[in-house]
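Asks: Residue-level listing of the chains:
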Amino acid sequence: MSVHAPVRELGYLRVIDEEGQVTDSSLLPDITEGHFKQLMERMLFTRLWDERAIKWTRQGKLGFYAPVAGQEAAMIGSEAALTMDDFILPSYRDVPQAVWHGWPLYQAFLYSLGHQHGNQIPEGVNVLPPQIIIGAQIVQAAGVAMAFALRKEKRVALAYIGDGGTSQGDFYEGMNVAGVYRLPLIVLVQNNQFAISVPVEKQTAVKELAKKAEASGMEGIRVDGMDVLAVYQAVQGAVQKAKAGEGPTLIEALTFRYGPHTMSGDDPKRYRTKELEEDWRARDPIIRYRKFLHTKGWWTEEDERKVETKAKDEVQAALDRANQFPAMSMKALASHMYAKMPIELADQLIRQDTKKEVK
Amino acid sequence: MAQLTMIEAIRSALSAALEKDERVLVFGEDVGQSGGVFRATDGLMQRFGEARVFDTPLAESSIAGLATGLSLQGFIPVAEIQFFGFVFEAMDEMIGQAARMRFRTGGSFHCPIVYRTPFGGGVKTPELHADSLEGLFVQSPGIKVIVPSSPYEAKGLLLSAIFDEDPVLFLEHMKLYRSFREEVPEDFYTLPLGEAKVVKAGKDLTLISYGAMVRTAIKAAEIAAQEQGLSVEVIDLRTISPIDTETIVTSIRKTHRAVVLQEAQRSAGVAAEVIARINEEAIYDLEGPVLRVAPPDTVYPFTLFEKEWLPTEQLVVHQINQAMHA
Ligand SMILES: Cc1ncc(C[n+]2csc(CCOP(=O)(O)OP(=O)(O)O)c2C)c(N)n1
Chain A
1 MSVHAPVREL GYLRVIDEEG QVTDSSLLPD ITEGHFKQLM ERMLFTRLWD ERAIKWTRQG
61 KLGFYAPVAG QEAAMIGSEA ALTMDDFILP SYRDVPQAVW HGWPLYQAFL YSLGHQHGNQ
121 IPEGVNVLPP QIIIGAQIVQ AAGVAMAFAL RKEKRVALAY IGDGGTSQGD FYEGMNVAGV
181 YRLPLIVLVQ NNQFAISVPV EKQTAVKELA KKAEASGMEG IRVDGMDVLA VYQAVQGAVQ
241 KAKAGEGPTL IEALTFRYGP HTMSGDDPKR YRTKELEEDW RARDPIIRYR KFLHTKGWWT
301 EEDERKVETK AKDEVQAALD RANQFPAMSM KALASHMYAK MPIELADQLI RQDTKKEVK
Chain B
1 MAQLTMIEAI RSALSAALEK DERVLVFGED VGQSGGVFRA TDGLMQRFGE ARVFDTPLAE
61 SSIAGLATGL SLQGFIPVAE IQFFGFVFEA MDEMIGQAAR MRFRTGGSFH CPIVYRTPFG
121 GGVKTPELHA DSLEGLFVQS PGIKVIVPSS PYEAKGLLLS AIFDEDPVLF LEHMKLYRSF
181 REEVPEDFYT LPLGEAKVVK AGKDLTLISY GAMVRTAIKA AEIAAQEQGL SVEVIDLRTI
241 SPIDTETIVT SIRKTHRAVV LQEAQRSAGV AAEVIARINE EAIYDLEGPV LRVAPPDTVY
301 PFTLFEKEWL PTEQLVVHQI NQAMHA
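Protein chains in written order, with this note's numbering: chain A, 1 to 359; chain B, 1 to 326.
Same shape as in the complex, but just chain B (with noise of 0.2 Å):
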């Protein structure tokens, strides 16, 4: 099996996709002749014409009503955003339109879109590049929110949302494009959507996360480990709309405590919504409060100052040992 880094995961996940069925496009700002601004689209053009796999113009509310359209007519379009915070370019089209679709219509069409971008923070990147809007999209019924955490996830959740019949937002956080190398198989697999991941087993505690606060969470409970001998069990979420209940409610009937990671800002995101389902359904097996560790609500800030504003590792810690005193 080959060692694969996350971007070259999602390029193999697109090529297997591609070659698997031709219903298959992919399209964006700069993903054909250049082959994507992070090179996800590296050769694909090439490979499978230009027809298949192309350059549009520069206009997201276009790239997003292109899905649609396309989508509506039988197509299977992975469209990328070049980086998240252009998203509002195209939110008519992808939750006013594309995720109502089936709904407005009562089943007689439906969109079966694929909407790549790229987001996060620590890699220092200009305005409106890394913030995480994930929360708008959590809010809008009837498109689904995956964001991968590693190489091996990536492909096989992204070639899931290529073959899913619901409009999916596919979240791939810049920090781990290159990050790591990770056992990737060459061939056509998929993960499943709509359902979280035990990563590390514990009992004292359940320390919820997705995409690439996962790492962050994984260290955290290993310093948990080595400092206060605490076994702490992390989730990640993968899709983060619909959100996996019951993996959550599984573990917390287990450790009792929890904590829950998020890189979005605080209010009203998926920490929240996560709270208030262990709130809804597992409260009395709770010893102490759910606490939550985000970046305080405001816009994400400018690069000098992006590792002081992102949850660290210690913070994590910190936040654990309350819990568990509580």
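Just chain A, same shape as in the assembly (with noise of 0.2 Å):
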């Protein structure tokens, strides 16, 4: 069993430490205090739909569903770094940051359901689908990057993936021939430190997931995922980089799922003990943010009570809206299969026992 502890002794960016202290005053971003505080709401209102979506996947209200508690500050600290129309490659378990750049949360809970239109991405929402096949993402966000360099347009593709997903050939070959073209690519790789019970020191001999940008020749750097600044900055960084035409990053941020890899049966107790929960628990990211506003005084109960109210409502409004939306129909589904639908696929949907189409 996996015994080790936060890394401390590798050097990493950082913000704020655990007790919501400025390590270093030049590294605070220059934002206004509305997206100070911004970002707390985000990372509490995350937390609060966590706990909810967790509790309706158990009750049955909700289908596949991949744990985000831990992980806020990665996902929002990342995101809000980024403009709207910055394109963003989540993976299964990067659903709030999908949702914040603008993929509507009824949807993400249809997703979840498991119906084609929580799929169906808005127009002019930058953001793909979740994605399944670990590594996937990165290749396909390098063509999106490209896309970006060719049109000479200043945006930027961001891909999430894994600790475990930096074992992936994807991996290596997206950001490769990110490197040869010096695409506007951003990798931010969240390192929870299992890759479902597998711990990292078991998915790769390197001990800075950072470094495997060296080989290809862009820049890596390492952040403390649980602080919410560090990451912002990290990306900040990363995206003006990539849209003064200087080229790729890999962002290897440090964090940790308090819950089960998925909520389809796994027991974290099989391969990690209580103690290394514990020792990441003391650093969450929320506490830490929280303890950060108070000594600037921006932030108060009243804030905190705000976004409870807000949570609660919008995140039962938008199941209850995926819950009234209206069931697939083969012919609708099949609809999606070609631009244009063969007759041979067509006869298929005359199901033979009632000779009438399927629904």
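If you're looking for bench data, these hints aren't it; they were derived computationally from the structure.
Do not take every clue at face value.
List time: in silico SDA-like cross-link candidates among lysine to any residue, alpha-carbon distance up to 25 Å [what the hints assert, rightly or not]: (1) K243/A to M146/A; (2) K124/B to L333/A; (3) K124/B to T262/A.
Chain B is faced by these chain A residues, among others (derived, beta-carbon under 8 Å) [claimed, not checked]: (4) I134; (5) S167; (6) G169; (7) S197; (8) V198; (9) K202; (10) Q203; (11) V206; (12) P326; (13) M328; (14) M330; (15) A339; (16) M341; (17) L345.
Simulated coverage check for chain A against chain B, where a stretch passes if three residues somewhere in it have a Cβ under 8 Å from a Cβ of chain B [to be verified]: (18) 112 to 126; (19) 259 to 273.
Just so you know, these numbers come straight off a predicted model, no measurement behind them.
We treat Cβ as the ideally placed atom computed from N, Cα and C, and that holds for glycine.
Using the hints, put the two chains back together into the complex; each one sits in its own frame.
Replies: As structure tokens, then:
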């Protein structure tokens, strides 16, 4: 069983410590008070939504769900550093970033339940539906980034992957090609220490995943993934660099998922200790950031209550809306196989038992 | 004899193989420490040691590639692909490399590998977990494809697959993992690869299927018996590459009618191949066209639509009636 503690000995970017103290004021992002508060609002909202989603999954009200608690700083901080026309390629766990980037929450719930409409991303929203095939998003992101470069648009592609995902060939291939063409690509590795049950030290013999950037000739940065400002700063820097035509960046955010891998039967007790979990919880991104905001006088009890109420209402409303969405039909599903439905496929939809179309 | 679920029978087979032969190695994502996402390998690492049962990095191409290399050096790798939809990542190593090894080296090298993988619909998995992709492998020479339909079958077939001289893809339908128990011998036993099995005798029509659909076929045969007094013979293909033509043709010479049922989407798959063989070997024994029951040619659907998409007993019964009256 893995007993490794949060990595402290290796260097990484950090803006606020566990007590919410600023480590180096020159590292503080140059953003407004409102923007600082928004990071907190979104992290808190996401935590509360996660709690409900877990509960609803247990009650059978949602389907597939990968818990996110513990990773809010990495998720929210990175998305917040983008502009809305930057493009996100999320994995199955990166639902919050996609939602904060414009994917309607009720559609994220439909995705969880297993409804095609969940994945019908609204026009103008720059995200793909969550990727199931680990690594595929990295090579695709290189292509998206290449399109931006070819059209000379000041946009970046940001692909998310986990520590386990960095073992995939697609991960190396995507970075390699991005390095060759100096593409505006950001790969954000959320190193949450485990790929389902496999600890990161069984995944790779290299101690810092950020080092994997080196072989592609791109920059690799390691950040405290429990510090939302560090993540924000790292991504912000990578965005500026990419938009200036200076190429791709790999960012490793050190973090932890508090819950099981997904709600489909994973039992963390089989592969990690309570002590390790507690060690990471002591570095909680929300508690820490709340302390920081308090020292600035930017966060009140009332702010907290407001987010709680908003989260409760909006998350419930999104679930209700998802539940009210019309059921899928065979014809509608099949109509999205090709631009134009082949005659042969249309014929197959006439079910032989009834000689009628399946609705 | 113990009453085992299919997942327990598979674990029992892996354990028997590891015990019998030191060359057997079991590996894949999450198969060691945690015993597999379905617990197929639960306790095996603890019992046989981490050198023989181990977690690999998350990379299917390297899992399959390791298996190729290990098999070339005399080991017997039993590699797990966590879900069948992830097999695309490993396909070059499986069918581009291992399956061709014996042929391209004129027999100097060969790859006795088993690739185990869960698949199949009706269990509410996300995308690319449930898809029936067996057709891709059935079309590829050099690799055998096995789909067990019950716990007893799974253990015997898996042990044969492990000690077979060629690469074998072993497809485990998730719906069968825990849905029922059956008597399974504790000891080592094998069941023949490449042989179909008549699981229910009948004289009016032959219903051919494999995997979880064998259960659907048996139920449909029972309904047809009750409702129409029909005597339907049910064949479980068990091995879908190479297909046992003889058992099929023998049955059709007796019944003169047939329906083929598969969970995979319709075109260019196992059902099509079975029908082609019937056409070639037994067309003059037929009293009507051989019909097919298969979902339409779409990607495996989203969870909320699985039930509508998957073949049902009623649909099979309907096709049986069509075939009887054709
Ligand atoms: C190609 C592929 N292989 C295997 C899986 C099954 N799987 C889903 S998540 C996971 C672990 C991923 O770990 P990591 O990359 O660290 O991300 P995390 O889930 O921790 O966020 C595995 C093995 C998959 N979805 N895709």
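Asks: With reference to the structure, classify each hint as holding or not holding.
Replies: Tested hints:
Distance hint between K243/A and M146/A is fulfilled; the C-alpha atoms sit about 12 Å from each other, no more than 25 Å. For the hint pairing K124/B with L333/A, the CA-to-CA distance comes to about 17 Å; that is within 25 Å, so the pair holds. With a C-alpha separation of about 13 Å, the suggested pairing of K124/B with T262/A holds against the 25 Å cut-off. With a least beta-carbon distance of about 6 Å to chain B, the hint placing I134/A at the interface is held under the 8 Å criterion.
Proximity of S167/A to chain B holds as hinted, the smallest CB-CB distance being about 4 Å (cut-off 8 Å). A hinted interface residue such as G169/A counts as satisfied when its beta carbon comes closer than 8 Å to some beta carbon of chain B; here the least separation is about 5 Å, so the hint holds. At about 4 Å, the closest approach between the beta carbon of S197/A and any beta carbon in chain B falls short of 8 Å, and the interface hint on this residue holds. Look at V198/A: its Cβ gets to within about 5 Å of chain B, closer than 8 Å, so that hint holds up.
Taking 8 Å as the C-beta cut-off, the interface hint given for K202/A holds, the closest approach to chain B being about 6 Å. A cut of 8 Å between beta carbons decides the hint on Q203/A: the least distance to chain B is about 5 Å, and the hint holds. Nearest Cβ of chain B to the Cβ of V206/A: about 12 Å, over the 8 Å cut. The hint is violated. Of the supplied interface hints, the one on P326/A is violated, with its beta-carbon coming no nearer than about 11 Å to a beta-carbon of chain B, more than 8 Å.
Because the smallest distance between the Cβ of M328/A and any Cβ of chain B comes to about 5 Å, under 8 Å, the interface hint for this residue holds. Hint status for M330/A relative to chain B: holds, with the closest Cβ pair at about 6 Å, below 8 Å. The restraint placing A339/A at the interface with chain B is violated, with a minimum CB-CB distance near 15 Å, outside the 8 Å limit. Interface restraint check for M341/A: the shortest CB-CB distance to chain B comes to about 10 Å, outside 8 Å, so the restraint is violated.
For the restraint placing L345/A at the interface with chain B, the shortest Cβ-Cβ distance is roughly 5 Å, inside the 8 Å limit, so the hint holds. For a cut-off of 8 Å, the count of residues in the segment 112 to 126 of chain A with a CB near a CB of chain B stands at 5, and the three-residue condition holds. Chain B is given as covering the segment 259 to 273 of chain A, and this holds because 6 residues of the stretch bring a CB closer than 8 Å to a CB of that chain, at least three being needed.
Violated hints for the displayed structure, listed by number in ascending order: 11, 12, 15, 16.
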